[in-house]
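K.L.:
Given chain C, work out where chain U should sit, using these hints.
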Amino acid sequence: MRISAKLTTYLLLVAGAAVFIAPFAWMVSTALKPLDQALAMPPEWLARRYEAPLDGRIQEVRPGPLVTGPSVWALERGAAQPVVLAEDSVRAGAWRPAAGPAVPVDVLKRVPASASSPWREISDLPGVRRDVVPSASVSSRVALRWENFPRAVGAMRRFPRYLANTLALCVLNVVGTVLSSALVAYGFSRIEWRWRDSLFGLLLATMMVPFPVVMVPLYGLFRWLGWIGTLRPLWVGSFCASAFNVFLLRQFFRTIPKDLSEAARIDGCGEFRIFWQIVLPLCRPALVVVALFTFMGVWNDFLGPLIYLTDDRDFTLALGLRMMQTTGSGGIEWNYMMAASTLVILPVVALFLVAQRSFVEGIALTGTKA
Amino acid sequence: MTTGDRQRTRMGLAFVSPWIVGLAAFTIYPIAASLYYSFCDYDVLSKPVWVGLLNYRDMASDQVFWKSVANTLLFNVMALPLGLVSALALALLLNQPVRARGTFRAIYYLPSLVPAVASAMIWLWILNGRLGLLNAALATVGVHHPPQWLADPAWTKPSLAIMSVWGCGNTVVIYLAALQGVPRSLLEAAMIDGASAWDRLVHVTLPAISPVIYFNLIIGIIGGLQVFVSAFIMWGGGGPDRSVLFYAVYLYQNAFEYRQMGYACAMAWMLCLLILALTWLASVSSRRLVFYQGD
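Those protein sequences? They're chains C and U, same order as listed. Going by this note's numbering, the first residue of the first sequence is number 1, and it counts up by one from there. Going by this note's numbering, the first residue of the second sequence is number 371, and it counts up by one from there.
Bound-form chain C, shown alone:
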């Protein structure tokens, strides 16, 4: 009984993990394929490279449909490319379909294919030269197209600019949020003063205000300041502390013994020095959590840049990725799209793996102490 319960647990965990990983795996898999294989149905997980004899030499080809019955490789009069026709439908120099008039054709070669020894249509990569060859003479091996990553970067115009903008916003926001939130949290936890608790209540209340309520006037305010189309609306506010982070840091600051501050005060230490040299160093783990959350928040933000940025040169990676979807000529190049998505996700995943503990503790803190 206990063994079977344990086995069920593992089975469920592994199955669930497979489902949760699948989208990542599919993204990377698509990112490493040439477009035709990315769009192939049924899909394969690993990109392949096909080679076959064409024009008298072995070269990389694009595989076409299989031919499984006796056929001919024939050129219709006036057509640019030959086609595969069933052998019994071609008689006396003409293709005679079951319905409709006969079409005169030139038979180029016989294709003695069968279900057990099929042939395959192939073409060169530009799709200009075509042929049909025994399936066995088409060789294939796994070949991941790593070059898709630099190409995706090229397809996302101004990628370096987007990256630089995003990083600049991340740094400014992290510095602004950590500094200001720590200052404010200190004022709300380490000093006893008259209106402290009622103001803190007000701070908690501001967390309840939905963004859409302030969205339009904020836009108006930044427009009046002439900041629309610059990065400023996206970082200046971070220097005014955010309620959530103040709350989180205050919880942490309160755990530091009061005696520590009292002793420093008696030694004639000013309040700011106590903050800077005693409390902050003790709270490094909490500051790391705030910095991480802020970085993630800015890296992932979409609505802010969408509203305030107007010029392509100021865009962030999130906006750049979206541009790839809307500006493509013809269909979306899914392989490049997935390569670009991988590049946008990679730093976040790396950061998480490096700082996993801080993350989990930080999120747990938001839930249990609220």
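In short, the hints are calculated from the structure, not lab data. It is possible that some hints are incorrect.
What the hints assert, rightly or not - If you only want the chain C side, here are some residues facing chain U, beta carbon under 10 Å, derived:
no.: 1; residue: Trp26
no.: 2; residue: Ser180
no.: 3; residue: Pro210
no.: 4; residue: Pro212
no.: 5; residue: Phe275
no.: 6; residue: Thr326
no.: 7; residue: Ala340
These figures come from a predicted structure and were not determined experimentally. Even for Gly, the Cβ is constructed at its ideal location relative to N, Cα and C.
P.N.:
Relative to the frame of chain C, chain U by itself:
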């Protein structure tokens, strides 16, 4: 007030001054202005013109507005219970003493970190009706007329609900922290009394973590009513038959595409009321179900 009191108050205010500046500029002023604009005809380019209750009256007769309300509520009726239950199930699994627990936790948590734009792109690709992985997988198990996830108005909301389950890692972590706080003594006592695993879950674990379930429900309602980014990126203007034209999407369109900023502000205030009403409803209806230790 003694001199010391006054000095400490000055010091305290000095420390919280960055927040007070922000409060005035980025919260209080916008709230007041938003309320005022909601009674105005306003396009940001010219001065607001007072129109009284016109925006609110327009809303009442705006079919598209009601469609967006219905879409948002319907989506939440699907996604909220689905998300809460699957996150709880995952947390219960991850709370078992198994090997490689850390690795499993990381795997389930990672998707919640993925930037919304990137996850929208991934799911646009997976849910693609003709070329998508999901329908290819369904074909291998014999489903030959799979749903057109992105193009069929009946399936767009379920698609988003599936996506939101993928990103439920935050909720899982919060549940996990709560599960760690379930008193062992209670669980052991129940075991000695011969309670089955299911009984222990229903009569011990769930009541013990009910405040956190309630917390996640409230957070879910507040977030769910403002759902925007994935729907906006994946379908742009509201999708087939406007089936994913959510409240926040329509609000954004009014503000920044149609330049009806006054109407958008009025919508924002109605959203506030909607959030208040639903959280109030949730708190009233769960009062008997949430159990606070030490009460």
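K.L.:
All the hints need checking, so say for each whether the structure fits it.
P.N.:
Quick rundown of the hints versus the structure:
{"no.": "1", "hint": "Trp26", "verdict": "5 Å, holds"}
{"no.": "2", "hint": "Ser180", "verdict": "4 Å, holds"}
{"no.": "3", "hint": "Pro210", "verdict": "6 Å, holds"}
{"no.": "4", "hint": "Pro212", "verdict": "4 Å, holds"}
{"no.": "5", "hint": "Phe275", "verdict": "8 Å, holds"}
{"no.": "6", "hint": "Thr326", "verdict": "8 Å, holds"}
{"no.": "7", "hint": "Ala340", "verdict": "8 Å, holds"}
Checked against the numbered hints above, the structure breaks none of them.
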